[in-house]
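> These protein sequence lines are chains G and X, in that order. Numbering-wise (numbering that gives the first Met the number 0), the first sequence opens with residue 0 and increments by one. Numbering-wise (numbering that gives the first Met the number 0), the second sequence opens with residue 0 and increments by one.
Among the clues, some could well be false.
[Stated by the list, open to error] Covered stretches of chain X, as calculated for chain G (at least 3 residues, CB under 8 Å):
| no. | segment |
| --- | --- |
| 1 | 41-54 |
| 2 | 109-121 |
| 3 | 164-177 |
| 4 | 201-213 |
Simulated from the structure, these hints should not be mistaken for laboratory data. Glycine included, C-beta positions come from ideal geometry on N, C-alpha and C.
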Amino acid sequence: MRVLGIETSCDETGVALYDGELGLMAHSLYSQAHIHAEYGGVVPEIASRDHVRKLIPLLDECLREAACGRSDIDGVAYTAGPGLVGALLVGASAGRAIALSLNVPAVAVHHMEGHLLAPLLEPNPPEFPFVALLVSGGHSMLVEVAAIGEYRVLGETRDDAAGEAFDKTAKLLGLGYPGGPALAIAAESGDPDKFSFPRPMTDRPGLEFSFSGLKTHTRNLWHKHSNEDNAQADIAAGFQKAVVDTLVIKCRRAMQQTRCGHLVIAGGVGANLQLREALSRAGRKYGWGVSYPRIEFCTDNGAMIAFAGYHRLLAGQFESEVILAKPRWPMKDLGTLR
Amino acid sequence: MSELLAIETSAEACSVALHIGGETRERFVHAPMRHAELLLPAVQSLLADAGLPLKRLEAIAFGRGPGSFTSLRIGIGVVQGLAWGADLPVVPVSSLAATAQQAADYSSAEHERICVALDARMQEVYFCEFLADGEGIVRRVSEERVCSPAAVGTDPDQPFIAVGNGFERYEELQQLATKASASCVDAWPRAGAIIKLALDWLQSHDPLPPARAQPVYIRNNVAVKPTAD
Ligand SMILES: Nc1ncnc2c1ncn2[C@@H]1O[C@H](COP(=O)(O)OP(=O)(O)OP(=O)(O)O)[C@@H](O)[C@H]1O
Ligand SMILES: [Mg+2]
Chain G
0 MRVLGIETSC
10 DETGVALYDG
20 ELGLMAHSLY
30 SQAHIHAEYG
40 GVVPEIASRD
50 HVRKLIPLLD
60 ECLREAACGR
70 SDIDGVAYTA
80 GPGLVGALLV
90 GASAGRAIAL
100 SLNVPAVAVH
110 HMEGHLLAPL
120 LEPNPPEFPF
130 VALLVSGGHS
140 MLVEVAAIGE
150 YRVLGETRDD
160 AAGEAFDKTA
170 KLLGLGYPGG
180 PALAIAAESG
190 DPDKFSFPRP
200 MTDRPGLEFS
210 FSGLKTHTRN
220 LWHKHSNEDN
230 AQADIAAGFQ
240 KAVVDTLVIK
250 CRRAMQQTRC
260 GHLVIAGGVG
270 ANLQLREALS
280 RAGRKYGWGV
290 SYPRIEFCTD
300 NGAMIAFAGY
310 HRLLAGQFES
320 EVILAKPRWP
330 MKDLGTLR
Chain X
0 MSELLAIETS
10 AEACSVALHI
20 GGETRERFVH
30 APMRHAELLL
40 PAVQSLLADA
50 GLPLKRLEAI
60 AFGRGPGSFT
70 SLRIGIGVVQ
80 GLAWGADLPV
90 VPVSSLAATA
100 QQAADYSSAE
110 HERICVALDA
120 RMQEVYFCEF
130 LADGEGIVRR
140 VSEERVCSPA
150 AVGTDPDQPF
160 IAVGNGFERY
170 EELQQLATKA
180 SASCVDAWPR
190 AGAIIKLALD
200 WLQSHDPLPP
210 ARAQPVYIRN
220 NVAVKPTAD
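Using the sequences and the hints given, assemble the complete structure.
In structure tokens:
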């Protein structure tokens, strides 16, 4: 079975073809980040408008790259949520209509299931069960994955998501948008121990996160020290280390609690090299396997949606002709495959 | 004989029409915010009832706006998907022209301006003026624009027909409508009218590739860039 995946939940237009036997055949991506950068964050209406412009050219490119025709598509998977409703509707409308025109089934994919399963697109995919650390622009959670479709949320953030904390801190430090990658680069020339930072929610048990206190702490530091030499880089480095340490502590707790042998990292913050290194080190030290998606599949992409959709379609799931867009869609409401 | 499908979702109504064997069949519902739910089942049943596979169509015509951004993009997303999947070309039609065509079809008055004002929210209307030609097809005689109801600037002393909910929802336009020779405030852009205008357009144009299924918003100032502080 060959599945076309379409992702338009935020500011990336992604299209991919996944084949059950051949694996990922092609994927095309267009990021609008540079457009939203001028506004300091994603402008939903601009995002929706850009998806409508880019979708068909990306579909054409993807088919060309895969050297396959429309009639070779056996199913369509589109991101139905969570995300920006106007943006979601572009991919959902087109995706559902493509399925109708090809007379193949369509499935509405949960964006976070896409992120969660992205590491399985890599060679030597992890075996079930595993624990996934999902850290993206809108979410931070630890999830126990018993099988595809069987997710138990172990802990979530109480306030900001990890990526959001990176973005807001980068903005505060004048590093621009999107903030995560910019902050990581700035941190390279900083001393992470120059200033002290809290490790939020690590002093009490539990698997919940909170990043807003860290954000406030960072703001206070910046206001006090912004005119000092190298303060921007030092604060960026200290902030990044605080986030990474906190995530490592929580992952370790989740691994102990679930007795799982494998940790998977997914979502945009998973592109952070310090985090990847720190978790790999922890894995070696405590004896867990650790997997990540390739860097480009940490952030939004069509490949993860094609892959998640493939498994749901394979399990016989499909939807009627209704175009589904669910801006809020709690992961616990996600159905299992059976 | 050219077979066309038309989709119009730029306003509160959701409609689909099929032109087959020289006649037009239309499905129309006034159902605000329900386009995502209703549109594809309507397409499906219209094609099934006609026993016509999508691939046999000559093109897909669509209301390209202006109108409500979200519902407009649902329709255009569907047009893109159907056209791309079935490898069909597309035909864009102004949703204001489709609204004017409604009035032209019902009134026999020639040489009378048809003024269309559709509520654009934010105290503005989408506005444009049309004249019907000898064949009864509406032709645009002013620019399509979005403006405040007070700024439509049409000459109330030349005979005109007032069309669209803008003439009902804004006081300035209600007053203007009292001078109209006829008014039709509950006209919506409909897929049947899109078919008519698309057939006319196809007489002098080739249909366009699927990627050209794009909205015309008119209202383009949707966000302000932050100024450096
Ligand atoms: N190298 C990096 N270091 C830290 N953060 C990063 C890095 N690269 C990307 N990010 C962060 O990842 C986030 C984007 O990830 P992603 O695309 O998964 O999120 P999203 O799709 O916006 O949100 P969600 O998936 O929760 O709906 C941004 O907040 C960005 O700053
Ligand atoms: Mg994402």
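> State whether the coverage of the segment 109-121 of chain X by chain G holds or is violated, taking the criterion as 3 or more residues with Cβ-Cβ distances under 8 Å.
The restraint on the segment 109-121 of chain X is violated, since only 0 of its residues have a Cβ under 8 Å from chain G and three are required.
> Examine the segment 164-177 of chain X for residues whose CB is less than 8 Å from any CB of chain G, and state whether their number is three or more.
violated (count 0)
> Verify this for me: three or more residues of the segment 41-54 of chain X with a beta carbon less than 8 Å from a beta carbon of chain G.
holds (count 3)
> Between the segment 201-213 of chain X and chain G, see if three or more residues pass the 8 Å beta-carbon test, and mark the coverage as holds or violated.
holds (count 4)
Hints 2 and 3 from the list above are not met by this structure, while the remaining hints are.
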